[in-house]
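Engineer: Chains E and L supply the protein sequences, listed in that same order.
Taken in order, the first sequence gives residues 1 to 362; the numbers are from our numbering.
Taken in order, the second sequence gives residues 1 to 125; the numbers are from our numbering.
In case anyone wonders, no lab produced these hints; they're calculated from the structure.
Mixed in with the good hints, there may be bad ones.
The calculated DSS-like cross-link candidates involving lysine-lysine, where the alpha carbons are at most 25 Å apart (straight line), are [what the hints assert, rightly or not]:
id: 1; chain 1: E; residue 1: 37; chain 2: L; residue 2: 114
id: 2; chain 1: E; residue 1: 37; chain 2: L; residue 2: 117
id: 3; chain 1: L; residue 1: 114; chain 2: E; residue 2: 160
id: 4; chain 1: E; residue 1: 155; chain 2: E; residue 2: 245
id: 5; chain 1: E; residue 1: 6; chain 2: L; residue 2: 114
id: 6; chain 1: L; residue 1: 114; chain 2: E; residue 2: 236
id: 7; chain 1: L; residue 1: 114; chain 2: E; residue 2: 254
id: 8; chain 1: E; residue 1: 132; chain 2: E; residue 2: 6
id: 9; chain 1: E; residue 1: 167; chain 2: E; residue 2: 155
id: 10; chain 1: E; residue 1: 357; chain 2: E; residue 2: 236
No experiment lies behind these values; they were computed from the predicted model shown.
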Amino acid sequence: MEAWEKVYVGSESFLSSIHNQQNCIGCHGGIPETDDKAAAHQGVVQDPTLADAGPCATCHSNEAQLADTSLHYNIGGYKTVLAARGMDFQDPVAQEAFGSHCSSCHATCGECHISRPRSADGGLVAGHEAKKVASITNTCLACHGGRVGPEYQGKNQGVKGDVHWLKGGMPCTECHPVADFHGDGTEYSHRFDGPVSPSCTGCHPDVSGGQDGVVQHTLHEATVACQVCHSAGPYKSCFNCHVGKDEEGLAYFKTDPSQMTFKIGHNPVKSDDRPWDYVLVRHAPAARDTFVFYGENLLPDYDNVPTWKYAPVHNIRRITPQNEECNNCHGNAALFLSAADVPEDELEANKDVIVEKAPPAQ
Amino acid sequence: MTKHLQRLFSIGLLVVVGSLAAGCAGSEPATPVPPTATVAVQPTDTPLPPTDTPVPPTDTPVPPTDTPVPPTDTPVPTPTGTPLPPTATPLPSADNCIACHTDQGLLVEIAVDKTVKSEETEGEG
């Protein structure tokens, strides 16, 4: 977005709406009755919804209270994984590293309903209009546009997109309920904690118990995640992310080029809600020395969490290469995450995910 | 003349006699009619004394099972919380903000993107 566009309040409907009742200064601060740009902007808060939902909480008190349990808002998933890898959040060095590179992914009310997220450089989306439903492009894919977006929209070269998008035209919010964004009052440690949301069987209930007459559903329902058979093909994995600050003190990250992978692994998040033995996995960008710029060994228990993580891949099709024939998976070792796919330094972290032997051919 | 006097005398006499007769009849006291005794009619059936403890109503009133439906014409507020409280002090005018931030041409001239990214960033975020 151009600089002017980011701050252009071009929505007449916003100006006459209840969301302008407090007026600009009531929400953002600043100095009235001056035409001097610098003077007028003294004390201006760019995102007044950053802390405790800000002015939104006055009317939307329920959502504001739930926000504390929203993983989008509290970035609890990051904290859980980094803590499991041994990050000491009491350590000022770790705090600086986390604050510089992780907390920018914290999503506020305004970053979903009014502007683009800060992590995607911000900017008013629709002339400051308060959008009831966030924009898939400017909001969801602003953050999830590296891996999930291209999968879903079919932008990974040579791999078909998701039928729910290409045929159904379904935006993210069609499947993901509002609680996935606002929280539901329960403290989840990460996004795969608690009931599956959304679940395939929520819309396709006849898959359960073989009601649809598909024998493969009966055979695999309890042991294989839906995506394993219904992912259209390879999807992105990321590697070797390192973060730091440049000479001007600006935060940066560097990652190796992403790779298109398709790997079936043992389920690293197995639970009553996710009972499957086999799931698709993708490599997370983290590395053992991701934070080495800030200090040595900030993730001393790095091996506690697999680097190949459960991936509910978003390129779902009914017919896929792997589900056309039983032996496209059975006996096909290339589809399974093996020790040969994992660098020696990561074998320990992924020992529970690696599939030592593919299920035999039928 | 004598005949005339006699006629007057006769008429007078008749008047006197008539008056006397009428006056005596009007002054005669009426024989008092003894008052008819008011006899209270006793109920033929003596009411039975209550034999049992009073029976409570057989149907206990059922409390309403549903929350009363509010009048349908009451507007349903979309916000989930309390409406904005009246501000204690009037908000300062934001006319200067509006004047600038709604002027696309002016913003094109003076807006500065404060988003600064490190040139060292590489790869997909």
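Engineer: Evaluate each hint against the coordinates.
Structural biologist: For each hint, the structure was consulted:
{"no.": "1", "hint": "37(E) x 114(L)", "verdict": "holds (14 Å)"}
{"no.": "2", "hint": "37(E) x 117(L)", "verdict": "holds (24 Å)"}
{"no.": "3", "hint": "114(L) x 160(E)", "verdict": "violated (38 Å)"}
{"no.": "4", "hint": "155(E) x 245(E)", "verdict": "violated (32 Å)"}
{"no.": "5", "hint": "6(E) x 114(L)", "verdict": "holds (10 Å)"}
{"no.": "6", "hint": "114(L) x 236(E)", "verdict": "violated (32 Å)"}
{"no.": "7", "hint": "114(L) x 254(E)", "verdict": "holds (22 Å)"}
{"no.": "8", "hint": "132(E) x 6(E)", "verdict": "holds (19 Å)"}
{"no.": "9", "hint": "167(E) x 155(E)", "verdict": "holds (15 Å)"}
{"no.": "10", "hint": "357(E) x 236(E)", "verdict": "holds (24 Å)"}
Of the numbered hints given earlier, the model fails hints 3, 4, 6; all others are met.
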